[in-house]
Amino acid sequence: MDRIDLVYRVLDEQLVDVDGRRCGRVDDLEFEGDIGDPPRLHAILSGSGTWHRRLPRPLRAFGERIFGVGVSGRDVIHVPWTQVDDISSVVRLKVKARELGLGQGDERNAMLVGKLPKS
Amino acid sequence: MKKIFQVALGIIAAIGGFVDIGELVFNTQAGADFRYQLLWAVPVGVLGIIVFAEMTGRVAAVSGRPVFDVVRMRMGLNVGLVTLVASLLINLITLAAEVGGAALVLQLLFDVNVSTLILLSVMALVVIVYFVPFGGIERIFGYLGCALLVYVAAAVHLKPDWHQVGRGLVPSWHPSALYAYFLVGVIGAALVPYEVYFYSSGAIEERWTLRDLNLNRANAFLGFALGGILSIALIVVSGEVFFGPHIQPGYLGTTALGAQHAYGEVGLLLALLGMLFAVGGAAVECAFSGAYTLAQFAGWEWGKYRRPHDAPRFTLAWLTFFALAFVVVETGVDPVLLTEYAVIFSVVALPLTYLPVLLIARDRTFMGDHANGLVGNGLGWLYFAILLVVSLAAIPLTLITAAGSH
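Quick mapping for you: the protein sequence lines, in order, are chains A and B.
So that you can map any letter, position 4 of the first sequence is 372 in this note's numbering, and since no number is skipped, the others follow by simple counting.
So that you can map any letter, position 180 of the second sequence is 261 in this note's numbering, and since no number is skipped, the others follow by simple counting.
To be clear, the hints were calculated from the coordinates, so they are not data collected in a lab.
In this text the structure is predicted, and so the values were computed from the model without any measurement.
Check the hints yourself; a few may be wrong.
Derived coverage of chain A by chain B (criterion: at least 3 residues anywhere in the stretch with Cβ under 8 Å from a Cβ of chain B; other residues may be distant) [to be verified]:
#	segment
1	377-386
2	422-430
3	474-483
Label pairs and their in silico Cβ distance ranges [to be verified]:
#	chain 1	residue 1	chain 2	residue 2	range
4	B	470	A	448	30 to 38 Å
5	B	469	A	426	37 to 45 Å
6	A	456	B	215	22 to 30 Å
7	A	371	B	463	34 to 42 Å
8	B	386	A	377	22 to 30 Å
9	B	444	A	487	47 to 55 Å
Ideal Cβ positions, reconstructed from N, Cα and C, are used throughout, including at glycine.
Same shape as in the complex, but just chain A:
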């Protein structure tokens, strides 16, 4: 792939799974690598548990209470960069959202909405 500006083209973009289901946003990016070594993009982080870290410093404690502290697998989902299939107007994934733990909120509420008529 050509050079890509991660903040311009990836951060805050819509995540869509292999079935075309919208399943979250690119809320943060995780890099790995030792100090002095070139950093490598390791994973996309998705979930409101990352939001407090991006707020202005005085608002972070408040943000933790509102959006969650960032519990992996619950309010933050790690999406390995290797699972990204394509970047266009969305970030398309190679697998189903469920396999990565994405879209849990929709799945929880689907039970409730499923009880409505013609749902």
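Please arrange chain B on chain A, whose structure you already have, making use of the hints.
Just chain B now, kept in the frame of chain A:
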């Protein structure tokens, strides 16, 4: 031929769907207080919404991005969150005003307790939205809202001084805070952001592609411009009927009396029917817009084209919006007052959603050959400047004039 017919139907729906409680309140008051002197604010606001809506429709068709997708992506999380919270609150106030307005119109028609009518209005809207497909909803309210065209007929029938009307369409200035307040209000009533969120998300719902760019232009230019004629007619009728005898149309029903003055009972009934479907349609757009903004910002699955079970948080969001609006209106707050605050706060927050759309619409990385040209950019930045001025003036003017009361 079929395509032309479809475009024509879309335009008719856009005309009927253009006017909402904001125009019914602000334009009638502007006509009553200043006769034709604020007519020029209508084309300023209408051209603004044409520019904004055309860009959002084009961005949706070309890049597949609705407004709040663009807000999140271009403005980032922090400014995006501020925009989201402001938009959700404004949507809720507007929805409450529209629901309250629908109940007031029903009360004039059926003389039943207003509290019961609020409940019935919300229930009817929820049932229609839940069971009728997207295109059907747009058309039911759009076509029946066209009954408001009685105001255009009334404006001609009342034989206004056309020379004065023409002079009203030329920008003028009066050194009065009340004049400036209604100037902001009339521009703001035409430029309500929920219509644009709904329009752009609707383009995604209807799976617009590059082939729909002409449809986008037709809807935006013709639909909104012809809708603007209704807006002008409201001011002209109000200027003819209420300005002379110094009648203050502080009650929504007073607006309908303008049509009655021209055509008697038939005029009154058409006006009330048109108002009912105009505010009902606007209520649906508001509830959906709230759910669209929330879902797009957070990345949830959304869309009326999905079964409720497949977009559950989106479905719960619009249902919750109706429930919250119901609670707000049942407190007994005056829908006319709610409308004024909704329009003023919309104006204040408007640059926050307008700027990211403009930035994307002119960006060739995302839009390719369909990015704004010279004229599009010129108009885009001109309106951004106008919106900034109007946005900064809105709150001080509201405080100075006590929301238009002196």
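Hints versus structure:
1. 377-386: n = 5 at 8 Å, threshold three: holds.
2. 422-430: holds (count 3)
3. 474-483: The restraint on the segment 474-483 of chain A holds, since 6 of its residues have a Cβ under 8 Å from chain B and three suffice.
4. B:470 <-> A:448: 30 to 38 Å: With Cβ atoms ~48 Å apart, the hint is violated.
5. B:469 <-> A:426: 37 to 45 Å: 27 Å, violated
6. A:456 <-> B:215: 22 to 30 Å: 25 Å, holds
7. A:371 <-> B:463: 34 to 42 Å: Holds, at about 35 Å.
8. B:386 <-> A:377: 22 to 30 Å: 27 Å, holds
9. B:444 <-> A:487: 47 to 55 Å: Given a distance of about 39 Å, which is not inside 47 to 55 Å, the answer is violated.
When each numbered hint is compared with the structure, violations occur for hints 4, 5, 9.
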